[in-house]
Amino acid sequence: MLRFEVDRRLVEECHRLSSEIVEQVRKETAGFTTVAIERSVARLFGIDGVNSQGVPLPNVVVDHLRAADKLGDGVAVHLANACNALGLTPAETAQRVSEGKLDLSSLGWQGTEANRKTARDLAKAALERIGARRRERESLLEALPVPETPWLYVIVATGNIYEDVIQAKMAASQGADVIAVIRSTGQSLLDYVPYGATTEGYGGTYATQENFRIMREALDEESHRLGRYIRLVNYCSGLCMPEIAAMGAIERLDMMLNDAMYGILFRDINAERTFIDQGFSRMLNAYAGVIINTGEDNYLTTVDAFNSGQSVLASQFINYHFARRAGLRDEAIGLGHAFQIDPAIEDSLSYEIASALLVRALFPRCPVKYMPPTVHKTGDIFFAHALDASFNMVSVLTGQSIHLVGMLTEAVHTPLLQDRYASIRAAKYMRTAAKRLGESLILKEDSVIDARSKGLLLKCADLLRDVRRKGLFQAIEEGVFAGVKRTRSGGKGREGVIRKSEWYQNPIEELIRQELSVEPGKEDSNS
Amino acid sequence: MLRFEVDRRLVEECHRLSSEIVEQVRKETAGFTTVAIERSVARLFGIDGVNSQGVPLPNVVVDHLRAADKLGDGVAVHLANACNALGLTPAETAQRVSEGKLDLSSLGWQGTEANRKTARDLAKAALERIGARRRERESLLEALPVPETPWLYVIVATGNIYEDVIQAKMAASQGADVIAVIRSTGQSLLDYVPYGATTEGYGGTYATQENFRIMREALDEESHRLGRYIRLVNYCSGLCMPEIAAMGAIERLDMMLNDAMYGILFRDINAERTFIDQGFSRMLNAYAGVIINTGEDNYLTTVDAFNSGQSVLASQFINYHFARRAGLRDEAIGLGHAFQIDPAIEDSLSYEIASALLVRALFPRCPVKYMPPTVHKTGDIFFAHALDASFNMVSVLTGQSIHLVGMLTEAVHTPLLQDRYASIRAAKYMRTAAKRLGESLILKEDSVIDARSKGLLLKCADLLRDVRRKGLFQAIEEGVFAGVKRTRSGGKGREGVIRKSEWYQNPIEELIRQELSVEPGKEDSNS
Amino acid sequence: MTGLPKEHMEQDGFVLPYGDHQNDGLVQVSFTLPVKDGPLGDEAARQVMRSMALKEPQVVESTPLGEGYTFFVGYGKLTRPVELAKLKVARPLWDKLEPQAIERTIRERLGREIVVVGAATGSDAHTVGLDAILNYKGFAGDHGLEAYSGFKVVNMGSQVPNEALVQRALEVKADAVLVSQVVTQGNVHLSNLTNLVELIEAEGFRDRVVLVAGGPRITHALAIELGYDAGFGPGTKPQDVASYLAQEVSKRKSLYSNRAF
Amino acid sequence: MTGLPKEHMEQDGFVLPYGDHQNDGLVQVSFTLPVKDGPLGDEAARQVMRSMALKEPQVVESTPLGEGYTFFVGYGKLTRPVELAKLKVARPLWDKLEPQAIERTIRERLGREIVVVGAATGSDAHTVGLDAILNYKGFAGDHGLEAYSGFKVVNMGSQVPNEALVQRALEVKADAVLVSQVVTQGNVHLSNLTNLVELIEAEGFRDRVVLVAGGPRITHALAIELGYDAGFGPGTKPQDVASYLAQEVSKRKSLYSNRAF
Ligand code: B12
Ligand code: B12
Ligand SMILES: Cc1ncc(COP(=O)(O)O)c(C=O)c1O
Ligand SMILES: Cc1ncc(COP(=O)(O)O)c(C=O)c1O
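Protein chains in written order, with my numbering: chain A, 195 to 721; chain B, 195 to 721; chain C, 4 to 264; chain D, 4 to 264.
There may be inaccurate statements among the hints.
[To be verified] Derived pair list, reagent style DSSO-like, types lysine-lysine, alpha-carbon separation capped at 27 Å:
1) A:LYS679 - C:LYS155
2) B:LYS629 - B:LYS653
3) B:LYS679 - D:LYS140
4) D:LYS99 - C:LYS91
5) C:LYS80 - D:LYS89
6) A:LYS221 - A:LYS679
7) D:LYS256 - D:LYS176
8) D:LYS99 - C:LYS58
9) A:LYS622 - B:LYS638
10) B:LYS686 - D:LYS155
11) A:LYS264 - A:LYS311
12) A:LYS679 - C:LYS140
13) A:LYS638 - B:LYS629
14) C:LYS80 - D:LYS58
15) C:LYS89 - C:LYS58
16) A:LYS622 - B:LYS679
17) D:LYS89 - D:LYS99
18) D:LYS155 - B:LYS679
19) B:LYS694 - B:LYS318
20) B:LYS629 - A:LYS653
21) B:LYS686 - D:LYS140
22) B:LYS638 - A:LYS629
23) C:LYS140 - A:LYS686
24) B:LYS648 - A:LYS629
25) B:LYS664 - B:LYS629
26) B:LYS664 - B:LYS716
27) C:LYS99 - C:LYS254
28) A:LYS664 - A:LYS622
29) A:LYS648 - B:LYS638
30) D:LYS80 - C:LYS91
Keep in mind the hints are simulated off the structure, nothing from the lab.
Pulled out of the complex, with its shape left as it was, chain A reads as follows (with noise of 0.2 Å):
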C-alpha cells in the first residue's frame, strides 16, 4: 500500500500529550462506578430476564441496592452476600428481590472476606464464559479464515431482527465479512437493555441479548456454509455501554462500535458516566477478544472535513489511549477514519488520500475503520454510487482494515437488499482490481497529497497541546470536537454516576486487570 511516513517526534509528541490527557480524566473520575456497570456486573454474575412489568432483572437489583444506598459497594458483595446467606445464585436472588420476596440491605452481612471471595469466584466463572466463547472464535477463524482485507463491513437495519437475519445472510453470500445490526433510534438513550427477541424498531433493530444471539446463530450457520467467518458488530454506546459490552462477550460478537466520547457528543450523555462507563466496557471488550470501532468519523458529519481533519486525528489519539488503558492492544482498536470531503472541491480525492494516509501512518498496527462518504450524498444515487466508488479506492489504496462499505441510497434510507448487493458487488471489485496498486506508487515529497498530510499532523499536535493545558472537559465544553459543546456536569444519565464507597468492589474488573496485566492509571507495553 501506499506508504506516508510520519515526523516521528511530532508524533511521539501526540501520544504523551494523550496519554496525559487521558490519565487526568481517569483520575477524576477514578472514585465512581455507574448504575450501568453494576447492571453489567449483575449480567455477568447471570442476572438476565424480566419482571413483570418489563423492567429487566439488572435494572431491578440496582435499583433496589440503589433505593437502599448500598450501590456505592457495588453489586457484586451483595449478590455474593446473598449467596453466601440463603445458598442462592445471583439470578435467583434477583428473581427473589424483583418479586419483592428479598431486601438484600436487610440480609445478614456473611463477612467481608467471604463475600469478597464469592464475588471473585462468581466473577471468576463468568469470565471463564467469555473467555469460552473467545476460544470459540479464535478456532472459528482458524477453520474459516477471512483472506481479504479491507473487511467488507455492512450494516443491517430493517428493524426486525428475523429480516435482519435474511439480509445479513445473503449479504455475507454477496461478500461481506462483517454485518453490523444497527440499532433503533433512541436506544442509546434507554436506562436499560430491552429484553428478548424485538420485530420492530426505526432506523434499527434493537439490540437485545436474544437478538444477538439469533444473529450470532444465522451468521455461525452461514459462516460455515460459506467456508469464511462472518464477524457480527453492535454499538455498545449509549447508557447501557458496559452492559451491551457484557451481552456482546456473551453472545461472541466480534466488534462493537465504543466511543470514549460519541454518547457525550451526539446523544448529550453525562460526560463523567460517558468516560467511566467506557473504561469498564472496554475491559470487557478486551477480554471478549472484541474489536472496537471509535467514533470520529462522525464528527465529519456537523463539522466540515477539509477544515476539521485535525480533530478526528487529535480524537483518534484520545480514543487510542483510553482504550490501551482499558487493555486494549493496538490489534483490537478500530479507529474511526472517514471519507467526507466535500467532493466539490477541487482535488478532495487527494486530500481524502492524504488523510487516509496519515492515520494508517500514525496507528500501523490498529485496524482503521474506514467509513463511507454520507453526508454529501443525495438521492442521486447514481453520483452516490460513484463517490463511493472514490471511497472504495482509496480504501485498497492506503491498506484500510475494515472497510464499511458505502451506500448508493445513504440519503434515502437504510439499505435495502439491492442497495448492498450493488455496494459490496463495486467494493469488491476494487478490493481485487486496486489489490497491488498502492505497492506501485510512491508518494511525492511536498505534492499536494504529501503537503495536506503533514500539515494535518502540526494542526493535531498543537490542537492536543491546547486540550491538555485546557483538560479534556474543558475542551468539550468549548466545541473542540465535532463542534458540540456539552458542559461536564450536564447532559443525561448523571444521576446514575455514583461515588464508590470504600468497600466498593468490581471483582470482574480486577480479575480482568489481572489477566490482562492492566493497572489503573498505566497503559500495557505493547505500544
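Based on these hints, arrange chains B, C and D with the ligands on the given structure of chain A.
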C-alpha cells in the same frame, strides 16, 4: 500527472519500424485513386445535391467518368475542362451530367495546361473555404476557451438529427466539451453519402452534410451561451472516408474518427481501398485543423485486452505514421486507447494504469482519446457506473486529453438523456477531485504497473519487427490486429480502386502537400 | 420550495418520460423479487413491470442475490401522459425576501422579535438540518435565524419529546414552532408529526402558533396535509424560512390582534 | 436458457418486490420529464409514479438537466403481487448435454454432420456473440460449434443481407440457420428477424431448417413469437446451442425422413 519513463532506444526503433511499414504500403498503393477520393474532389469543387433518383451528384459525376473509363485522370481535370469549354461551374456541370444533357468524355479537350490550371484554381477556392472555417474555429477557441482537460466527450445517437440537437445542447450545458454524433448502422458500407437532414437511423444518425451543418449551428449557439467552445465530431471511416472528411472540413467539424485500418478489420472493407482513402482523407483533416481519432480501442472488443495490449500499441505507431505522412501534426493525432481489461482480473486497475501511462509516454504530444470500458459492462447499470468511476480516475491520473465518457447503460441502449447526465456528472467530479493526484505520485520501479508497462513495450516492439518483416498486408491477413483476418484483395469496395492514368491530377492533394509541406513518402519534421 | 419564479408553477400540457425520443416514455426500474433467477424469474420481473403499466418491458439484468432472491434492472415505456395543468400542488404563499427586507418586515409589520422554538423531536437525533436553519452559522453560506435581530431563537436540539417541545413553546410564548424529522423508516416521522399537532391542539394554542416541519422527506404539501402551516424539504436555506416566518407571523398579528402573546 | 434445473421453472405463490421488509413492494425508478424542476415538476414525477401503480411515491432527487428537462429518482411501493403459477414462460424443451454426449447424439441419432450457417444480419456488425457460439475459440472457456466433429459451420460474419443468408443456406443445405441481432434501437432487430422468416417461408424451406436467433435482447419466448424455433440471450454458452441443435435436428430427422437434404 503520473509518469512512466520509456526506454528511448526502443521507442525510436518502434518509430523506425512503423515508418518503414507505412512507407511500404504507400509505395504499393501510390499508383491508385478511388471513387471516394474523386467524389471528395467533386464535392470540394462545389458539387452537392442529389438527382431525381436520389443519387448524390458527386456519385453521378464519378460514375459517369468511370463509365467512360476516364476516372483514372481524376475528376478534377474533367470538371476543369467542362469549365473551360462551357464556362460552367462544377456544380452546373454535374447538374447537366445528371440530367443526361452533358457527356464529359465527348467534350472537346481544352488543353492540359489550361485545364490543370483551372483545376488548381478550383482547388484553391475550395481550400480557401476550408481555411476560412479553420480560422473561424481558431478565433472561436480564443474567445470561448475550453478550460479543463480531459475534455469530456459524449455521443448522441437518437437517429434523428433534431433530437440529437436537443440532447447535444443539454449534454454541453451539463459539462460535455465534445459531442460526437454517432452514425446509423450500415452507413459505413454505403458507397455514397446520404443527403439532407435525416430523422431515422438505427443506433445512430446518418452523417450528411446538412446534419453536420444543423448540429454545428446548434453547438455554436450553445458555445456562445456557455462561453466554452463545444467541439463536434463525426466519423470519416467506411467507404466514404474522404468524402466525409471533405464535408467535415466544410462544416467545421473539429474531430473525426479516422483510422487507417478500422474499415478493413471491422467493416470488411477492402484493404487497399482503405489505405488509399485514409491518406487523402487525413490530408483534408490536416488542412481543416481537425483532430483525428484513431480506433485501436475497438481491437479490445474482439480480443482480450489483457493479452492483446501490444497490438493496440503497435497499431498506434502505425496509425501515427500514416497520419504524419498525411501532414497531421502530433497535436492533431488523437490516438485511440481503451480501458477494457476484464474487471474480474486481479490488479486490473493497475494494468489499466500501466497501459494508459505507456501510451502517454510514447506519444507525449498526441491527444490520446481514451475510451471507457464497454465490453465487460452488463445490464447491471450500477456496476457499470462503478467501473466507469475507475476509468475516470485512470484518465485523470494519467493525464489523458480526450475522455470519452462511459455510460452506465452501455450494455443496454444508446445513451438516454439521463444516462449522459449521470455519466458526465461522475466524470466532472473526478476531473476536479483528482486534479493534482497524478502530480502527487511517483511510479515505483519494478512494481506491477511498471513491469506491465515495460513488458507491453517490449512486446509491441517484437510485434512491429514481425509486421515489418512480413508487411502490413500480410500481417492483416494473419489476424494480427483485433484477431480479424482480411485478405489484401478481399472485402467490400475494391471495385472502387482505380489505377491512376499518366494524366492523373488531384489538385487538392497537390495544394495541401504544398501548403503543409508534405512530400509523398516523407513525414514532416515535427516529430 | 419558496419564492420560486412563476414559471415553475405554471407549465401545462401533457408530458411523458423522455429517454431517447420525445414521448418515448422510457423509465428505468430496479427491484428485487423473492424468486430464483432464470426464465421464470425474468418473466415475473416483466410481469411486475406490466403491473407498473410499462409497455415493452425489458429485463436487462437479473442477478441472484442469494437463496431465492433475484435483483432486476429493467426498462419499459410508459404511455399514459401526465396532464400538468391538472396537478394539485400546494403552493407556497410567501415571497423570498432579502435579509434586510426580512428584518424590515418584522420591524415594521410586527414591531417586535419573533420567538421561535425548534427541535428534532422523538428519538430523532439529526440536528444538522435544524441547526442549519436556526444557528448563526447557517447553511451553504446563508446565516441562520439567530443571525437576524428580528428572531429570538430557542434551539432545543435533538431527541426532544413532543411534550417537552410543547412545554417550552408555552413557556417562551413562541410565535413559531419548528420541528425537524429526518428518520422516516416505518413512517415514524408521520406519527411523530401528527402527535405534535394533537398535543398543541390539546393545549389549545394551535391558532396562536405558526407550525413548521422540515426534513429531507418533508414537502410543503405533506406538511399541510398533516396539519402544519408549512413544510421545508432538502436544500432549504435559512433565508427561505426567515422570509416565510416574517411574512406569516406578521400577517397573523393582524388576524389575531387580541392574541395572548 | 437451456437445461435449467426444474426448480427454476416451478416456483409458485404470489410475490412482490422486496426492499427492506418482505412484501414491502419497494421499487426504484428513474426517468426524465420535460418539465422544469420545482414543486410542480416533483408533483408531475409523483404522478408518473402513481401511473405506475406505485403507492407512497417518493421523489428523492430532482435534477435539472438543461432547458426544461428534469431528471428524477424515486421510490414507491407496488401492491399488486405477481402470481408465479400463472406466468407463461416458453420452456426450453431440450436438455443440456456434455460435449461427448452431443457428439454421440449426432453420431447415433442423426448419423451425419449437422450443417449450420450463421450470420449477423442486416446492418448489424456485432460478431462477437455469433463468433462466440460458432468459432473454435468459443466463449468463457467453452469451445464453439466448430470444435465439434458433429458440426459443419459456415460463419458468414457481419452485415449479411437476409437474402444472402437464405441463398447460402440453400447452397450448403443447412440444417440450421443461426442469426445474431445485437442492435435493437428502433426495434430494428424485430423487423430484421421477421423479414428473414418471411424470406425462408417464401423459399419454401422453413420446415426443413432449424431457425435460431441470438443476441443480448433475445429471449426464447421472443424468438418463438417471431416464428423461430429457439432463442438464446446473454450468457449463452456454445454448449447450450450445440445441445439444442444436436437434439432438435436429430428429432426432425425422424419427422421428415424424406427431407431433401
Ligand atoms: C449526518 C447524519 C447522521 C449523524 C447526525 C449528526 C447530527 N448531529 O445531526 C449521525 C452520524 C449521528 C447519525 C446517526 C444516525 N443516523 Co443518520 N444520517 C446522517 C446523514 C449522513 C446526513 C444528514 C444531514 O446532516 N444532512 C444535511 C442536512 C443539512 O440536510 P437535512 O437534514 O435534509 O436538512 C435540510 C432540509 O431537510 C431542511 N430541514 C431539516 N430539518 C428542518 C427543520 C426545519 C424546521 C426546517 C424549516 C427545515 C429543515 O433544511 C435543511 C437545510 O437545507 C444522513 C444521510 C444523508 N446523506 O442524508 C443519514 C440518515 C439521515 N441517518 C439515518 C439513520 C438511520 C441514522 C441512525 C438512526 C442509524 C443508527 N441506527 O445508528 C443514527 C441514529 C440517529 C438518531 N437517533 O436519529 C438514515 C435515516 C433513514 C430513514 N430515512 O429513516 C439516513 C438517511 C442514512 C441511511 N441511509 O441510513 N446520522
Ligand atoms: C463490442 C461492441 C462493438 C464492436 C463490435 C465488434 C464486433 N466485431 O463485434 C464495435 C466497436 C465495432 C461496435 C460498433 C458499434 N456498436 Co457496438 N457494442 C459493442 C459492445 C461493447 C459489446 C458487444 C459484445 O461483443 N458483447 C459480448 C458478446 C459475447 O455478447 P452478446 O453479443 O450478447 O452475445 C451473447 C448472447 O447474446 C448470445 N448470442 C449473440 N448472438 C447470437 C447468435 C446466436 C445464433 C446464438 C445462438 C446466440 C447469440 O450468445 C453470446 C454469448 O453468450 C456493446 C455494449 C455491451 N456491453 O453489450 C455495444 C453495443 C451493442 N453497440 C451498439 C452500437 C449502437 C454500435 C454502433 C451502431 C455505434 C455506431 N453508431 O457507431 C457501432 C456500429 C456497429 C454496427 N454496424 O452494428 C449499441 C447497441 C444499442 C442497441 N441496443 O441498439 C451497444 C449496446 C452499445 C450502446 N449502449 O450504445 N460495437
Ligand atoms: C461509536 C458510535 N456509537 C453509536 C453509534 C450509533 O448511535 P446510537 O448509539 O444512537 O445507536 C454510532 C454511529 O454510527 C457510533 O459511531
Ligand atoms: C475509427 C472508427 N470509425 C468508425 C467507427 C464507427 O463505425 P461505422 O464506421 O460503422 O459507423 C468507429 C467505432 O467506434 C471507429 O472507431
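Evaluation of the provided hints:
no.: 1; hint: A:LYS679 - C:LYS155; result: holds, 20 Å
no.: 2; hint: B:LYS629 - B:LYS653; result: violated, 32 Å
no.: 3; hint: B:LYS679 - D:LYS140; result: holds, 15 Å
no.: 4; hint: D:LYS99 - C:LYS91; result: violated, 57 Å
no.: 5; hint: C:LYS80 - D:LYS89; result: holds, 23 Å
no.: 6; hint: A:LYS221 - A:LYS679; result: holds, 22 Å
no.: 7; hint: D:LYS256 - D:LYS176; result: holds, 14 Å
no.: 8; hint: D:LYS99 - C:LYS58; result: violated, 33 Å
no.: 9; hint: A:LYS622 - B:LYS638; result: holds, 25 Å
no.: 10; hint: B:LYS686 - D:LYS155; result: holds, 26 Å
no.: 11; hint: A:LYS264 - A:LYS311; result: holds, 19 Å
no.: 12; hint: A:LYS679 - C:LYS140; result: holds, 15 Å
no.: 13; hint: A:LYS638 - B:LYS629; result: holds, 15 Å
no.: 14; hint: C:LYS80 - D:LYS58; result: holds, 19 Å
no.: 15; hint: C:LYS89 - C:LYS58; result: holds, 24 Å
no.: 16; hint: A:LYS622 - B:LYS679; result: violated, 38 Å
no.: 17; hint: D:LYS89 - D:LYS99; result: holds, 26 Å
no.: 18; hint: D:LYS155 - B:LYS679; result: holds, 20 Å
no.: 19; hint: B:LYS694 - B:LYS318; result: holds, 22 Å
no.: 20; hint: B:LYS629 - A:LYS653; result: holds, 25 Å
no.: 21; hint: B:LYS686 - D:LYS140; result: holds, 26 Å
no.: 22; hint: B:LYS638 - A:LYS629; result: holds, 15 Å
no.: 23; hint: C:LYS140 - A:LYS686; result: holds, 26 Å
no.: 24; hint: B:LYS648 - A:LYS629; result: holds, 20 Å
no.: 25; hint: B:LYS664 - B:LYS629; result: violated, 44 Å
no.: 26; hint: B:LYS664 - B:LYS716; result: holds, 22 Å
no.: 27; hint: C:LYS99 - C:LYS254; result: holds, 15 Å
no.: 28; hint: A:LYS664 - A:LYS622; result: violated, 45 Å
no.: 29; hint: A:LYS648 - B:LYS638; result: holds, 22 Å
no.: 30; hint: D:LYS80 - C:LYS91; result: holds, 21 Å
Violated hints, listed in ascending order, are 2, 4, 8, 16, 25, 28; each of the other numbered hints is respected by the structure.
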